[in-house]
Structure formats: structure tokens, C-alpha cells
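Residue numbers (the working numbering), protein chains in the order written: chain L, 1 to 306; chain H, 1 to 327; chain E, 1 to 389.
Just so you know, the hints here were simulated from the structure itself, not pulled from any lab data. Treat the hints with care, as some may be off.
Claimed, not checked - Residues of chain H clear of chain E, computed beta-carbon distances all greater than 12 Å:
id : residue
1  : 34
2  : 81
3  : 89
4  : 98
5  : 101
6  : 143
7  : 166
8  : 183
9  : 196
10 : 203
Said to hold, decoys possible - Once the Cα atoms are required to be at most 25 Å apart in a straight line, the calculated DMTMM-like pairs of lysine to aspartate or glutamate come out as:
id : chain 1 : residue 1 : chain 2 : residue 2
11 : H       : 133       : L       : 266
12 : E       : 322       : H       : 27
13 : E       : 69        : H       : 272
14 : E       : 109       : H       : 180
15 : E       : 114       : H       : 148
16 : E       : 162       : L       : 266
17 : E       : 109       : H       : 194
18 : E       : 360       : L       : 126
19 : E       : 110       : H       : 194
20 : E       : 27        : H       : 148
21 : E       : 110       : H       : 273
22 : E       : 114       : H       : 273
23 : E       : 69        : H       : 273
24 : E       : 114       : H       : 27
25 : E       : 185       : L       : 269
26 : E       : 211       : L       : 269
27 : E       : 181       : L       : 266
28 : E       : 316       : E       : 287
29 : E       : 162       : L       : 269
30 : E       : 110       : E       : 157
31 : E       : 281       : E       : 357
32 : H       : 231       : E       : 88
33 : E       : 240       : L       : 269
34 : H       : 133       : L       : 269
Note that the structure is predicted; figures quoted are calculated from it, not measured. We treat Cβ as the ideally placed atom computed from N, Cα and C, and that holds for glycine.
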Amino acid sequence: MTLGLFLTQTLNGLQLGVLLFLLAAGLTLVFGIMNFVNLAHGSLYMMGAYFAAAVFNATNSFVLAGVVAVPATMLLGMLVERVALIRLYQRDHLDQVLATFGLILFFNELVRIIWGPASVYMNAPEALSGTVMLFGFGYPAYRFAIIAAGLFVGAGLYWMIHKTRVGMLIRAGATKPEMVAALGVNISLLNTLVFGLGAGLAGFAGWMAGPILSVQPGMGEPILILTLVVIVTGGIGSIRGAFYGAMIVGIVDTIGRAFLPTLLREFLERSLAQAAGPAIASILIYLLMAVVLAVRPQGLFPVKHG
Amino acid sequence: MRSPQLWAAAVLLGLLGLVPVYAAVFEQPFYITLFARILIFAIAALGLNLILGYGAMVSFGHALYIGIGAYAVGILSFHGVTSGWAHLGAGLAVGAVAATVVGWVCLRTSGIAFIMITLAFAQMFYFLSVSLKQYGGDDGLTIAARSDFGWVNLANNTVFYYAIFAVLVALLLLFRRIVDSRFGMVLRGCKSNERRMAALGFPTMRYKLAAYVISAQVCVVAGMMLANLTKFASPSFMQWQASGDLIVMIVLGGMGTLIGPVAGATGLLLLEEVLAGWTQHWMVILGPLIVVIVIVSNRGIFGVLAALGRTGGAGRARPGGTSGEAR
Amino acid sequence: MRIRTTLIAAGLAAAGLLAAPACAQIKIGFMAELSGPQGALGQDQYDAFMMVVEANGGKLGGVPVQILKEDSQLKPEVATQIVDKLIEKERVPIITGVTFSNVMMAVHKKITEKEVFLIGSNAGPAPIAGAQCSAYSFITSWQNDNQAEVVGKYANDKGYKKVIGMAPNYQAGKDFIAGFKRLYKGEVIDEIYTPLNQPDFSAELAQVAAKNPDAVYVFYPGGLGVNFVRQYKQAGLAGKIPLLSTSTADGSTLPAQKDDALGVISGTFWGPDFNNPASRKFVEDYEKKYNRIPSQYAAQSYDAALLLDSAIGKVKGNVADKKAFMAALKAADFKSVRGNFKFNNNGFPIQDQHIFEVAKDAKGRVSLKTIATPLKDHSDAYHAQCALK
Numbered sequence: 001m002t003l004g005l006f007l008t009q010t011l012n013g014l015q016l017g018v019l020l021f022l023l024a025a026g027l028t029l030v031f032g033i034m035n036f037v038n039l040a041h042g043s044l045y046m047m048g049a050y051f052a053a054a055v056f057n058a059t060n061s062f063v064l065a066g067v068v069a070v071p072a073t074m075l076l077g078m079l080v081e082r083v084a085l086i087r088l089y090q091r092d093h094l095d096q097v098l099a100t101f102g103l104i105l106f107f108n109e110l111v112r113i114i115w116g117p118a119s120v121y122m123n124a125p126e127a128l129s130g131t132v133m134l135f136g137f138g139y140p141a142y143r144f145a146i147i148a149a150g151l152f153v154g155a156g157l158y159w160m161i162h163k164t165r166v167g168m169l170i171r172a173g174a175t176k177p178e179m180v181a182a183l184g185v186n187i188s189l190l191n192t193l194v195f196g197l198g199a200g201l202a203g204f205a206g207w208m209a210g211p212i213l214s215v216q217p218g219m220g221e222p223i224l225i226l227t228l229v230v231i232v233t234g235g236i237g238s239i240r241g242a243f244y245g246a247m248i249v250g251i252v253d254t255i256g257r258a259f260l261p262t263l264l265r266e267f268l269e270r271s272l273a274q275a276a277g278p279a280i281a282s283i284l285i286y287l288l289m290a291v292v293l294a295v296r297p298q299g300l301f302p303v304k305h306g
Numbered sequence: 001m002r003s004p005q006l007w008a009a010a011v012l013l014g015l016l017g018l019v020p021v022y023a024a025v026f027e028q029p030f031y032i033t034l035f036a037r038i039l040i041f042a043i044a045a046l047g048l049n050l051i052l053g054y055g056a057m058v059s060f061g062h063a064l065y066i067g068i069g070a071y072a073v074g075i076l077s078f079h080g081v082t083s084g085w086a087h088l089g090a091g092l093a094v095g096a097v098a099a100t101v102v103g104w105v106c107l108r109t110s111g112i113a114f115i116m117i118t119l120a121f122a123q124m125f126y127f128l129s130v131s132l133k134q135y136g137g138d139d140g141l142t143i144a145a146r147s148d149f150g151w152v153n154l155a156n157n158t159v160f161y162y163a164i165f166a167v168l169v170a171l172l173l174l175f176r177r178i179v180d181s182r183f184g185m186v187l188r189g190c191k192s193n194e195r196r197m198a199a200l201g202f203p204t205m206r207y208k209l210a211a212y213v214i215s216a217q218v219c220v221v222a223g224m225m226l227a228n229l230t231k232f233a234s235p236s237f238m239q240w241q242a243s244g245d246l247i248v249m250i251v252l253g254g255m256g257t258l259i260g261p262v263a264g265a266t267g268l269l270l271l272e273e274v275l276a277g278w279t280q281h282w283m284v285i286l287g288p289l290i291v292v293i294v295i296v297s298n299r300g301i302f303g304v305l306a307a308l309g310r311t312g313g314a315g316r317a318r319p320g321g322t323s324g325e326a327r
Numbered sequence: 001m002r003i004r005t006t007l008i009a010a011g012l013a014a015a016g017l018l019a020a021p022a023c024a025q026i027k028i029g030f031m032a033e034l035s036g037p038q039g040a041l042g043q044d045q046y047d048a049f050m051m052v053v054e055a056n057g058g059k060l061g062g063v064p065v066q067i068l069k070e071d072s073q074l075k076p077e078v079a080t081q082i083v084d085k086l087i088e089k090e091r092v093p094i095i096t097g098v099t100f101s102n103v104m105m106a107v108h109k110k111i112t113e114k115e116v117f118l119i120g121s122n123a124g125p126a127p128i129a130g131a132q133c134s135a136y137s138f139i140t141s142w143q144n145d146n147q148a149e150v151v152g153k154y155a156n157d158k159g160y161k162k163v164i165g166m167a168p169n170y171q172a173g174k175d176f177i178a179g180f181k182r183l184y185k186g187e188v189i190d191e192i193y194t195p196l197n198q199p200d201f202s203a204e205l206a207q208v209a210a211k212n213p214d215a216v217y218v219f220y221p222g223g224l225g226v227n228f229v230r231q232y233k234q235a236g237l238a239g240k241i242p243l244l245s246t247s248t249a250d251g252s253t254l255p256a257q258k259d260d261a262l263g264v265i266s267g268t269f270w271g272p273d274f275n276n277p278a279s280r281k282f283v284e285d286y287e288k289k290y291n292r293i294p295s296q297y298a299a300q301s302y303d304a305a306l307l308l309d310s311a312i313g314k315v316k317g318n319v320a321d322k323k324a325f326m327a328a329l330k331a332a333d334f335k336s337v338r339g340n341f342k343f344n345n346n347g348f349p350i351q352d353q354h355i356f357e358v359a360k361d362a363k364g365r366v367s368l369k370t371i372a373t374p375l376k377d378h379s380d381a382y383h384a385q386c387a388l389k
């Protein structure tokens with residue numbers, strides 16, 4: 001194992017982390033502000049990827065795909081919120097889990113009816129389809145673009161929440177919603193906006209993931225589970241927690257997958273290591289989450305106030 | 001106790017008990033298989049409901065115990081042990097150890113963290129079972145014959161059905177006693193205000209852990225029956241969707257009522273069966289239907305009946321939400 | 001209560017309606033994965049099967065047939081229940097389809113011990129080819145290992161010395177790597193098993209690049225294959241290290257992989273460029289009807305329908321004469337799209353296995369091109385363990 005390989009793998013972990021962060025940010029905002037558990041967040045990510053792929057296949061333009069997909073997912077999110085979810089804010093978490101579980105079934109089958117059961121094609125723009133030489137290895141340029149775009153969006157989110165009036169209301173709404181309402185702010189509209197923002201981020205992640213992951217029914221669930229791991233590990237409701245949680249989960253998962261089997265081979269015989277390595281690597285992040293929760297039930301970076 | 005809830009429960013159980021008769025009259029032995037599966041999931045949901053409905057512990061990982069039960073039967077049969085008592089003993093023993101350890105760790109948390117940590121453990125066991133190459137890994141493990149309980153011949157489908165039915169009824173009676181016992185009172189007390197229960201001097205952690213283990217053991221038994229029904233043990237029994245299905249059944253039926261999970265399991269699985277008969281795209285109907293049911297009635301099928309019965313003095317259960325503290 | 005009892009009543013009524021018997025026709029159960037993310041293969045199987053039935057005016061072997069379509073949802077417990085329903089309620093004499101190995105393992109014994117004929121058109125796990133084989137099961141696809149063995153032979157022929165094997169961490173994945181190693185004489189320097197639900201291979205591809213083998217052998221079916229092939233290209237490995245594969249670049253995934261898959265090597269028993277009359281007709285009809293290049297899964301199921309057509313015709317619709325029907329199936333007296341076709345003692349085909357390269361076809365579409373036939377009249381490795389003669 002060389003240092004170059006290790007750094008490449010860290011970069012891979014970072015890229016997974018960035019993708020997870022885009023999803024976790026939306027999920028944790030909705031959870032923190034509306035106290036709402038949205039299992040259908042992964043479905044919004046899937047819809048974003050499908051919108052992007054549909055536009056891409058019609059126009060052959062990657063940029064246009066994003067320009068359409070992100071607002072479309074945002075609108076879809078707000079529509080779902082207005083039609084169904086708004087009625088569930090006052091209910092307990094179980095009802096929310098159940099209703100959004102129903103939405104997952106619906107969206108998975110819907111894309112199957114519209115786009116068929118097989119994966120849909122989407123590709124990275126020509127300029128980003130090559131590799132960049134780094135640490136002695138070719139690193140896919142497109143993955144660099146994901147890291148950059150994700151960090152840019154993360155910074156924008158930070159700026160919006162901490163420096164703008166809307167952000168101030170969002171922060172206030174998270175701590176004392178009644179007070180914000182009493183001050184004459186339309187809380188219901190604010191909720192819809194936050195939900196739309198989360199959906200937009202999910203759509204953005206779906207668009208970014210389209211060229212590397214296959215766009216297919218059910219693509220939202222595996223990543224939803226990972227996202228839940230992220231926000232619970234990081235501390236629910238906190239953007240900061242979502243960011244660090246995503247990076248930790250991304251890097252632990254990638255490094256574990258990459259080096260654990262090789263590492264185990266040092267101690268165990270080959271066939272045993274080949275069997276145990278992947279098994280342990282795949283439970284690593286769940287182990288991480290269980291340990292974190294057992295020690296700090298509120299997560300690593302809980303919301304400080306409220 | 002002449003509440004509508006009790007009547008409905010009696011009618012539901014009566015209908016379920018008559019399934020083999022119906023199957024025989026109409027020469028449709030298939031219904032026995034279908035309803036045996038329904039009863040098995042009803043038992044599992046009943047088990048989960050003890051902690052979910054009465055203790056506000058939303059476990060998103062109870063499929064784990066179904067898997068343990070199924071693999072207890074599968075692995076022992078694979079090695080030539082056919083005795084049902086051995087299967088039962090092994091399943092309950094492994095289940096008890098696993099549930100105590102997992103429960104002890106998970107119960108340090110509550111609310112959404114509890115949901116997620118139980119999911120995490122279920123996922124770990126799922127991936128472990130997938131890597132059990134000797135026992136078929138992902139392909140699962142075929143079981144040659146049903147567990148051998150001596151004079152009860154489970155190979156006969158009708159006998160098997162009534163055995164499951166008897167377990168269900170016995171568990172319902174047992175749970176009725178548990179819920180009304182001092183133990184059950186403490187558990188329900190923990191649901192509404194755990195801090196107060198602790199202040200009153202109850203070792204709440206011990207009570208909750210005991211409830212968690214009992215609930216897990218019921219799922220182990222359900223898993224053993226499922227393995228016997230399908231003659232198969234597979235990691236897919238432990239998928240997180242399976243845990244989700246159990247919760248759907250409970251909430252649909254009315255959590256915190258005894259018979260609710262049975263009604264929920266029956267309703268959901270029958271609905272799936274009917275919709276799948278109509279269209280291949282049945283999920284596009286079932287999904288919104290679940291949303292509508294949740295929005296329209298937040299108490300499930302039996303929650304409504306319980307509310308009706310409360311005026312009759314039978315308000316044994318108070319379903320609906322108290323997970324505000326889950327934040 | 002009313003809601004619930006109505007539900008039950010509705011359920012029983014709906015189920016009862018389906019049970020109404022229709023006479024003088026043969027009922028055939030078709031079970032496959034039709035819903036959810038894994039539905040694509042099952043859909044191909046169903047479409048190809050129905051194409052034969054419809055072309056014959058709803059008949060097979062001159063006898064009207066009723067196809068009962070069932071979705072096993074990739075859940076073994078649902079599949080076993082469907083089998084019970086088909087056999088006990090619908091009393092079907094024949095069940096076909098079955099997409100995934102784990103579902104096959106769950107239902108194989110159940111179907112064959114009731115003396116119902118199982119015409120499997122995809123999954124071929126090792127146990128049912130060996131010790132657990134049955135005279136009632138006929139598989140029109142392949143034994144899982146076959147398609148890997150042919151690639152192993154090819155890697156040998158090409159003189160690759162060091163190969164890395166990659167597959168999802170589940171039984172079929174391990175079987176395919178084992179199948180590859182069976183005929184490959186060089187060194188497999190590493191075997192990488194990725195979690196079944198892991199869609200991203202960046203970490204593993206970096207390992208591969210670091211080790212720089214002569215070739216990479218992979219088995220990534222469905223969406224995983226789409227991801228893998230794309231990411232392999234993006235990582236700059238395509239064209240540098242040859243990518244050998246099974247079920248990774250096939251008719252079901254090429255539409256989503258497109259140009260990214262060009263140059264990928266794949267091993268299987270049939271490709272859409274086969275130049276025999278049966279295959280040409282199949283491809284032409286299928287493209288006309290469904291407007292897509294048929295996948296191998298469609299071809300397997302098409303052959304299953306042709307096999308049934310020939311065997312039902314031979315016994316003149318009297319499938320109740322199980323001995324005669326079994327002999328008629330075993331004879332495999334039909335024109336398979338793959339050319340030569342005959343059954344081994346265990347009910348699996350003895351057939352040629354070919355190597356394909358992903359290339360543009362005459363119409364400029366990305367498709368499979370036959371480049372070699374390393375294994376002729378190939379049997380699976382398990383047939384000797386099967387007690388049948």
C-alpha cells in the first residue's frame with residue numbers, strides 16, 4: 001500500500017461524503033425544523049436523477065439536465081408537502097414514517113411505469129469524462145467536479161442559513177416556531193420553502209449521481225439508509241453535524257472497503273480473509289453508528305440550542 | 001368488557017380459525033398457506049407491538065429476530081437435527097442472548113436514535129447472514145422437512161395451521177395478562193413519562209429490557225414458523241423492508257391495542273394479494289392508499305374501535321401519538 | 001370491523017374469481033421478478049414468452065394455453081406462496097420463468113416434488129444441477145457457472161497471466177468467480193467482493209489500477225453492471241486493462257451503458273447477431289414488437305416457449321401423461337435460437353458457449369458481436385453428481 005493509493009482512496013471517501021452531505025442536509029433541515037421524518041427523501045433524489053436523465057436524453061446537454069431537474073424536484077417536493085405531508089406535522093413520528101414509506105412505494109412504481117424497469121442512460125459532459133493524474137493514479141475528473149460542486153453548494157447553504165434573512169427565520173423556526181409565527185411570519189410557507197430546499201438539494205444530488213450510478217427504480221433506498229446513518233451519527237437537525245457525519249461515513253466506508261480485506265490478509269489465511277473482509281467492511285458504518293449512539297445518543301455534533 | 005373492540009377481535013379470530021374449513025369446502029388448500037403466512041406475520045407484529053405500542057420503543061429492526069428463528073430451524077436441519085424442541089430451544093436461546101445484548105445497547109437511546117440503532121443492528125445481522133457461505137449465503141437455505149414435534153404432525157398443512165393459530169391465541173391471552181399486570185403498567189407508564197416512573201423508584205431500564213427481550217422472542221418464534229411454512233431460511237427475511245412491513249401492520253391495525261397487529265397483518269397482506277391480482281403495478285395503488293389511511297385515521301383500524309369502546313369503560317389502550325419526546 | 005370484514009370478503013371474492021376453471025386448455029404458471037428494481041429481467045422473460053404464445057394465437061403445441069402471470073417480488077417466501085397457489089388452487093401442470101437463484105432454490109424442490117414441470121428460463125444454481133436435480137425440471141438457460149467458465153477459457157486463450165476477479169458479495173457472485181477459475185490456468189491475483197447494495201466502485205477501481213493486472217473479470221448484473229462499466233471508463237481503465245465479464249454488459253444493461261461499454265468482453269450462450277434462421281426470426285419479431293434489441297434473458301424464455309410448444313404438440317395436449325410429457329421435453333425437439341440444443345441428464349442444456357465484444361451493429365446501435373467460441377457442446381460441472389440418467 002502506497003501513500004498515493006491511500007490519498008486516492010481518501011479522495012474517493014470525500015466524494016461519497018459530499019454526495020451524502022447533499023442528501024443529509026435536506027433531510028436534517030426538514031427534521032430539525034418541522035420535526036418531520038421523511039423517508040421519501042431518497043425518492044426525491046431518485047426523481048431528480050430521472051428528471052435529469054430524461055432531459056439529458058432529449059437534449060444531450062448535461063447542464064440543461066441540471067437546470068431543469070433541480071427546480072423540478074424542488075417543485076415536486078413542495079407539491080408533495082402541500083398535498084399530503086402538511087397534514088402530518090402534528091402527528092407522531094410513526095405516522096410520518098408510515099406515510100412516507102407509502103410514498104416510496106408509489107414513486108418507485110411510478111418511475112417504472114413511466115421509464116420502464118431497466119436503468120436509464122446518462123453521461124458526464126465530454127470535458128469531464130477523462131482522468132486527472134494525481135498521486136501517480138488517474139482520478140476521474142467528473143468525481144472532482146462532484147467534490148467541488150458539493151462543497152460549493154455546502155458553502156452556499158452555510159451562507160444562506162447564517163447570513164440571510166431567510167436563514168435567520170429558518171434558524172428561529174427550528175428553535176421557537178410559535179414565537180416566529182407570533183411575529184407575523186408565515187410558518188406554513190416557511191415550512192414549504194424549507195421542504196422545497198431539501199428536495200432541491202436531493203434533486204441536485206440525483207443529477208450529480210446520474211452519470212456514475214445507474215438511474216433505476218429503487219435507487220433511492222440504499223442511499224437513504226446511508227443518509228439516515230449520516231444524520232443520526234452527526235446529530236439530527238444540525239447542518240454542521242450532517243457535514244461532518246457525511247464526511248466521516250464516506251471516508252470510513254471507503255477506507256474500510258479498500259483496505260480492510262488486504263489488512264485482514266496479514267492476520268488471517270487468504271480464503272478466510274476474503275470471506276470476512278467484505279462482511280466486516282459492509283457492517284463497518286453500522287457499527288460506527290451503533291457505537292456513536294451508545295456513547296452519545298444525541299450524535300456527534302448535536303444542535304447546540306433548543 | 002363488551003366493547004366493540006372485543007367483539008371485533010372475536011369475529012376476526014373466529015374467521016381466521018375457520019380458514020381451513022373454508023379451504024376444505026371450496027377445495028382451495030392454497031388459502032391455508034396464504035393465511036398461515038398472515039398468522040405468522042400477525043404473531044411477529046403482535047410481538048413488536050408489545051414494545052412499540054405499549055412501550056413507545058419503535059424498533060426498526062425486529063426482522064432480525066425473525067431471521068434468527070428461521071436460521072435456527074434452517075441450520076439445525078442442515079446438520080440433520082429435525083427435532084422441533086431442539087429448534088425451539090436453540091432459537092430461543094440465541095434469540096435471548098442476541099436480544100439482551102442488542103437491547104441493552106439500544107435502550108441507552110430513545111426516540112429517533114432508538115429507531116436508527118435498532119436498524120443498524122438488523123443491518124449488521126443481515127450482512128452477516130449474507131456472508132454465511134456454508135449456509136447458502138444470499139441464496140438461503142432449503143429445509144428438507146418441517147420441524148418434528150413428535151405427535152403433532154406439522155407436515156399436514158391443516159395441523160400446521162391450527163398449531164400457528166393456537167400459538168397466536170395463546171400469545172394474545174398471555175399478552176392480555178402482561179399488559180394488565182404490574183409489569184405492563186410500568187411499561188405503559190414509561191411510554192407516557194419515563195422520568196416520572198424512574199422518580200417513582202422503578203428500574204425502568206430493566207423493565208424495558210425485559211419487554212424488549214419478550215418481544216424479540218415472539219418474533220423468533222414467528223421466524224421459526226416462517227421457515228417451516230416456506231421450508232426455507234433466507235437473509236431476505238431480515239431485510240430492513242421486512243422490519244418496515246411489521247411497523248406498517250401495527251400502525252395500520254392500531255398500535256397499543258392487542259388485536260390491532262393481527263388486524264393490520266391480515267389487512268395489509270390481503271390487500272397486497274388482491275392488488276397484485278389486479279395489476280402488476282400494485283405498489284402504485286398501495287403506496288397512496290397507505291398515505292390516505294394514515295392521514296384520515298391516525299389510530300388504525302382498531303384504534304377507532306377502541307375509541308368507541310372507551311365510553312363503555314373498556315379503555316384499555318390509548319393509541320395514537322406520544323413520541324413528542326422523540327426529538 | 002366493517003372495513004376489515006369487507007376486506008377479507010373482497011380478498012376471498014377476488015381470489016375466488018380467479019379460481020373459476022376454464023376447460024380444455026392448459027394452464028401455465030409464469031413466475032418471475034416483475035416489480036421493483038429487479039423487474040427488468042423478468043419483463044424480458046415474460047415479453048419473449050408471450051410473443052410465442054400470441055404468434056400462435058394463444059396456443060402452444062396446438063392447444064389453447066392460459067398463462068398465469070405471477071410476480072415473486074424477489075422474496076423467497078412470496079415465491080413459495082405463489083407456487084402453492086399455482087399448484088393447489090390453479091392446479092397448473094407447468095411452471096416457467098424464475099429469475100433469481102435464491103428464488104429458484106426456494107421453489108425448486110416444492111415444485112418438482114409435486115410432480116409439476118418446472119421450465120426454468122434463467123436461474124441455474126449449482127445444487128439443482130447436482131445432487132438436488134429432478135426429472136421434472138428443465139432449464140433452458142444455463143448452469144450459472146457456464147457463462148463464467150467460457151470467459152476463463154477465453155482469458156487462457158488470450159494468454160492473460162494475472163487477473164483480478166470482482167463480484168457482489170453473495171452466492172451467485174462467488175459462484176461466478178469460482179466458475180471463472182475452473183478453466184483459467186493463470187493466476188487470479190485478487191478477488192474483490194463488494195456489498196450487494198453498494199453502487200459505487202471508486203475504492204475498488206483504485207485498487208485495481210494500483211495492481212495493474214492483465215485483465216479484470218467481473219460479474220455485475222443489472223444496475224450494478226451499468227454503474228461498474230461507466231465507472232471503469234471514467235476511471236480511465238477502459239482500453240487500458242481488458243474488461244472480461246458475465247451478465248454485466250448484456251441486452252438489459254447496454255441501453256443504459258451505450259458507448260461506455262464499447263470493447264467490453266462478455267461470455268454467454270447467445271447473441272443477437274447469431275446467423276441461424278430461428279435466431280434471425282426471433283430478433284426481427286422481437287424488435288418489431290417491443291422496439292428494442294432482445295436480451296439473452298428474452299432468448300432463454302423464447303426457447304422455453306418453443307420447448308413447451310414442441311413438447312405439448314408431441315403429447316397432443318395430454319400433459320397429464322407425465323412420463324410421455326417428460327420424454328417429449330427431454331427430446332428438446334425444437335429450433336433453438338442458439339442452434340444446437342440438447343438436455344443433459346440433469347435437465348440443463350449441453351450447448352456452445354461464446355465470447356462477445358460490445359460493438360456497434362449495422363444500425364449503429366451498441367450491441368454484442370460474436371468474436372469466439374471457446375467451448376463447444378459444453379456440459380456443466382455438476383451433472384455427474386446428479387443421480388438421473
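Just to be careful, I want the Cα atoms of residue 185 of chain E and residue 269 of chain L compared with a cutoff of 25 Å; is the pair within it? Since the Cα atoms of residue 185 of chain E and residue 269 of chain L sit roughly 22 Å apart, the hinted pair holds (cutoff 25 Å).
Confirm or reject the statement that residue 89 of chain H sits farther than 12 Å, beta carbon to beta carbon, from all of chain E. The claim stands: residue 89 of chain H keeps its Cβ more than 12 Å from every Cβ of chain E (closest is about 24 Å).
Restraint status (C-alpha distance of residue 110 of chain E to residue 194 of chain H at most 25 Å): Violated, because 50 Å separates the two Cα atoms, which is more than 25 Å.
Holds or violated: residue 133 of chain H with residue 269 of chain L, Cα cutoff 25 Å? 16 Å, holds
25 Å Cα cutoff - pair residue 322 of chain E, residue 27 of chain H: This hinted pair holds, its Cα atoms lying about 23 Å apart.
Within 25 Å, alpha carbon to alpha carbon, are residue 162 of chain E and residue 269 of chain L? OK: residue 162 of chain E and residue 269 of chain L at ~21 Å, within 25 Å.
Just to be careful, I want the Cα atoms of residue 181 of chain E and residue 266 of chain L compared with a cutoff of 25 Å; is the pair within it? 24 Å, holds
Per the stated criterion, does the least C-beta distance between residue 101 of chain H and chain E lie above 12 Å, as a non-interface residue requires? 24 Å, holds
Chain E versus residue 143 of chain H - minimum CB to CB distance exceeding 12 Å, so not interface: Contrary to the label, residue 143 of chain H does not stay out of reach of chain E, its closest Cβ about 9 Å off (not over 12 Å).
Take the C-alpha atoms of residue 69 of chain E and residue 273 of chain H, compute the straight-line distance between them, and say whether it is at most 25 Å. Roughly 13 Å between the alpha carbons, so the hint for residue 69 of chain E and residue 273 of chain H holds.
Hinted pair residue 69 of chain E and residue 272 of chain H, Cα distance within 25 Å: Holds, at roughly 15 Å.
For residue 109 of chain E and residue 180 of chain H, compute the direct alpha-carbon distance and say whether it is at most 25 Å. The given pair, whose Cα atoms are some 46 Å apart, is violated under the 25 Å limit.
The earlier numbered hints that this structure contradicts are 1, 6, 14, 17, 19, 20, 28, 30 and 33.
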